Structure formats: C-alpha cells, structure tokens
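S.K.: So the chains spell out like this:
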Amino acid sequence: MKYVTEYRDADKVGRVLDDIRATVTKPWVLMEICGGQTHAIVRHGIDQLLPSEIELVHGPGCPVCVTPLELIDKALAIASMPNVIFTSYGDMLRVPGSGQDLFSVRAQGADVRTVYSPLDAVKIAQQNPDKQVVFFAIGFETTAPANAMSVVQAKALGLTNYSILVSHVRVPPAMHAILGSPQNRVQGFLAAGHVCAVMGYWEYPPIAERYRVPIVVTGFEPLDIVLGIRDTVRLLEAGDVKVGNAYARAVTFEGNRPGQAVIDKVFASCDRKWRGVGMIPQSGWCLRPEFADFDAENRFQVAHIQPEESPLCIAGQILQGLKRPVDCPAFGTECTPEHPLGATMVSSEGACAAYYQYGRFADAVPEHAAGDPAAS
Amino acid sequence: MCLGVPGKIIEIYAAGGLRMGKVDFGGVVREACLEYVPEAEVGDYTVIHVGFAISLLSEEEALASLETINELIDLTNELGPEPGAP
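Residue numbers (the numbering used here), protein chains in the order written: chain A, 1 to 376; chain B, 1 to 86.
Worth double-checking, as some hints may not be accurate.
Subject to a maximum C-alpha distance of 25 angstroms in a straight line, what follows is the list of computed SDA-like cross-link-like pairs (lysine to any residue) [unchecked claim]:
| no. | chain 1 | residue 1 | chain 2 | residue 2 |
| --- | --- | --- | --- | --- |
| 1 | A | LYS2 | B | GLU61 |
| 2 | B | LYS8 | A | GLN126 |
| 3 | A | LYS2 | B | GLY27 |
| 4 | A | LYS273 | A | ASP293 |
| 5 | B | LYS22 | A | GLN126 |
| 6 | A | LYS273 | A | LYS123 |
| 7 | A | LYS2 | B | GLY16 |
Sample of chain A residues facing chain B (criterion: CB under 8 angstroms; computed from the structure) [said to hold, decoys possible]:
| no. | residue |
| --- | --- |
| 8 | GLU6 |
| 9 | ALA10 |
| 10 | MET149 |
Just so you know, these hints were derived from the structure itself, not from any lab. For clarity, every value in this text was computed on a predicted model and none was experimentally measured. C-beta atoms are modelled at their ideal positions from N, C-alpha and C, and glycine is treated no differently.
Start from the sequences, fold in the hints, and give me the full structure.
M.R.: Take a look at the structure:
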C-alpha cells in the first residue's frame, strides 16, 4: 500500500537509528504527545532500539483517557434514559465511569451504538425521528472537524432530535501545562501528526521559544517516528529550539483551513478538566451559543452528577509523563484490560493498555528511566 | 483515536448536500466525506480519520523525505561498515 509499506521498511528504520546513535552525545527526555504514537513505539519496540541516552515519555494524547469522569458519568446517565439512542466511537464503551461503563449500561437494555463517523450518528437521527440521538463528541483537534460537521449537517437538515455531549481537548494548552510544571522533565516534543494535519503547526513556535524546547511534527509509521526522534535529537544537540516537520507529506504549516473554519464556526475555547490531570485553562472546545440547542448537557438534566475516581489509579501522572505504567502497583494486578481502574488501561491509545498488550512488565524497565529525574 | 489511514480517492460525488467520495485502502473501499479537501481529485491520496479526509498526501514531500534516508544509506555504503561491525 502506497504511503504505508515504505514507512515500515526495517532497513530504512535501522539506518535512521544508526544516524541517531551517531548524533546523540548526552541524555535527552522526549515526549510523544499522541497515544497512537505511544502504541506504535511500544508495538515496534522503538524505545528499546534507541540509544540509552534517549528516554521517551508518554504524553496525554489519548482523548478517551483524558475525557473527564463526570462526562463519562453523564454519558452513562443519558444513555440509560428512555427514548434515547446513545452513539459513540467504539473506544469509549469500556471506559470505566464511577460505577459502570457504556457496555454494562447497554447490557441492562440501553440503546448504545458504536459509530465509525459522526455522520453515521446524524443518519441514525434521521431514521429515528421519534428518538433522541446523542453522539459522544470526544477527541483532540484531529476529530473536531468531523464532530463539528455533524452539528452543521444536523442543523442544515433541521433535525431537532440530534445532540452531542462535547469533550473536546486541545494539544497546545496541554503542552503549556506540562512544560510549565515544576516537575517537568520533557526537553523535546514529537508533535502529533494528525492533530497538525488539521491545525498546522503555526501555534507551536511561540511554545518552543517560551520554554526553549524543540518540537517536531511526527507521523505514525515506524520510519516516521524514528525520523521525528532523529530531527528532535539533532535540534537538541545543536541547542536549537526550532519547530520541525518530519511528516511533511501530510502536514503543512497552515494545516487544513476548511477544517479549521468549520471548527471555529461551531466551537469556542473553554476551560476543560482532563481526567487524572485536572483543569487546564482554555484547553477545550465547547459549542458556541448559536449551536446550544445541540448541546446534550443542556437537553438532558445531568448537571447534578458527582464522579468518584478509583484511589489506586495513577493515570494522571502517567498522562503527564511523570510516571510510567510499570510504576503503578495496580498495573497488571488489580488493573487489567478486563477489569480496568482507569481509562489508560482501556483505550487503544492508553499507555497502560500498550504496556499490557505488548508484555512490558517491570523487568523491561530501561536503566536510565529508573534514576533520579533531577539527574537528567 | 487520532488514527488516520491513507487511501486513494477513486470516486467523488455529492450526497446529502456534502462532498463525498469512495476511498480505496489497499483493496478495502469505504465512503468518506471530502468537504475538507475541496481541491481533491480522483487519484489523489488522502488521510482519512473517522470518515473524513483531513489532508491530501504530497507525493513530492514523501519522495523528498525518503530521499534523505537514501542519502544516509549511500553514505554508509561509501564509507563501508563501522569498524568492528560483523
């Protein structure tokens, strides 16, 4: 398959790894933002192929993981109401709320359906005029144009039985939160390729300048990831804080302008809680007042819901790159994909799920990662 | 979640007031919304995320990036293997 096969070529990956080994002279801590990249890195063992000077820490770029618990609980409450068809991306169904998940609500008789695209949810609303159809609109910038278009389309079709439960989050405010933390160890970023396909990377030069960190837009195939790491290490070694693009076949500086225009039409910035992390100012998107009729939080009475998180789960620290899944005493014991305590064990992009799926238990801890964080 | 799958646009049409198309992912064909790639033509490669094309793939950029890796390979061939390498 064009644009896939050539980026999985082991020989090319090996050459770039050689180039990294020849470039690196001191320890560096890099964060990959996106959970999709975390999975590719662990799946292909890229972290274990890198020279020991380079440590990869996993970022918060798993929308399923950071969707706040109270919104999951609100989703569960809405899905349980009579006359409601609750639609969602499949990833959300097993994410634990305070008491249960969408799967168990469905098992109790609720009409919960997975959709591939939000336009499928709009179709369900057209086909079921006597039901309220709610779509769980989660995601980062990558997913926002699709979720926004579903609202535009529902409005154009005059649908009064379609609404969305919004939990949109944005990458740049999360980068500010990570880099501004006194506990921060991250010295360079692999920016999330598909977030940048939509948004471009014009928002990143001020972040790179302010915190003196290089940022390199990075793709998802093994070759893309090692190229992103190579470019970041080159910038770090040269003391350069530029923003680079190692995924230029899919990403331009400006990004997808038609997509950005529809996002801007439908959504406005708002404060957003991130599960396990807490509130990050202006880190989310909410529906603009002109689309308030499509807001499921307005349509259904769910404001009273108070969530309760498992006290054992350290997902918040993992999502900030402060701890790794194997640092959690519950990892692989009380917390497994079958019985998850936190969302990072469920999602296809969660760091805990990646470590569990690819057999990364405590014995695989690289030596340099176990040391004093202040030393790096 | 932010998974994007590259595919080739093989058909473009309007449906429900939206610009839609058929996209071939190495033999598997799916419908996708092409509203966000108004410049797309049949034969173009695109990244599809949750049923929407979010970016057109640039062959020029892809070749340029692969070329830089070929340069690494050529250099190694020219210099020979590292001393002590098997």
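S.K.: Taking the hints in turn, state whether each one holds.
M.R.: Taking the hints in turn, this is what the structure says about them:
| no. | hint | verdict |
| --- | --- | --- |
| 1 | LYS2(A) - GLU61(B) | 14 angstroms, holds |
| 2 | LYS8(B) - GLN126(A) | 30 angstroms, violated |
| 3 | LYS2(A) - GLY27(B) | 12 angstroms, holds |
| 4 | LYS273(A) - ASP293(A) | 23 angstroms, holds |
| 5 | LYS22(B) - GLN126(A) | 22 angstroms, holds |
| 6 | LYS273(A) - LYS123(A) | 31 angstroms, violated |
| 7 | LYS2(A) - GLY16(B) | 31 angstroms, violated |
| 8 | GLU6 | 6 angstroms, holds |
| 9 | ALA10 | 12 angstroms, violated |
| 10 | MET149 | 7 angstroms, holds |
When the structure is compared with the earlier hints, violations turn up for hints 2, 6, 7, 9 and for no others.
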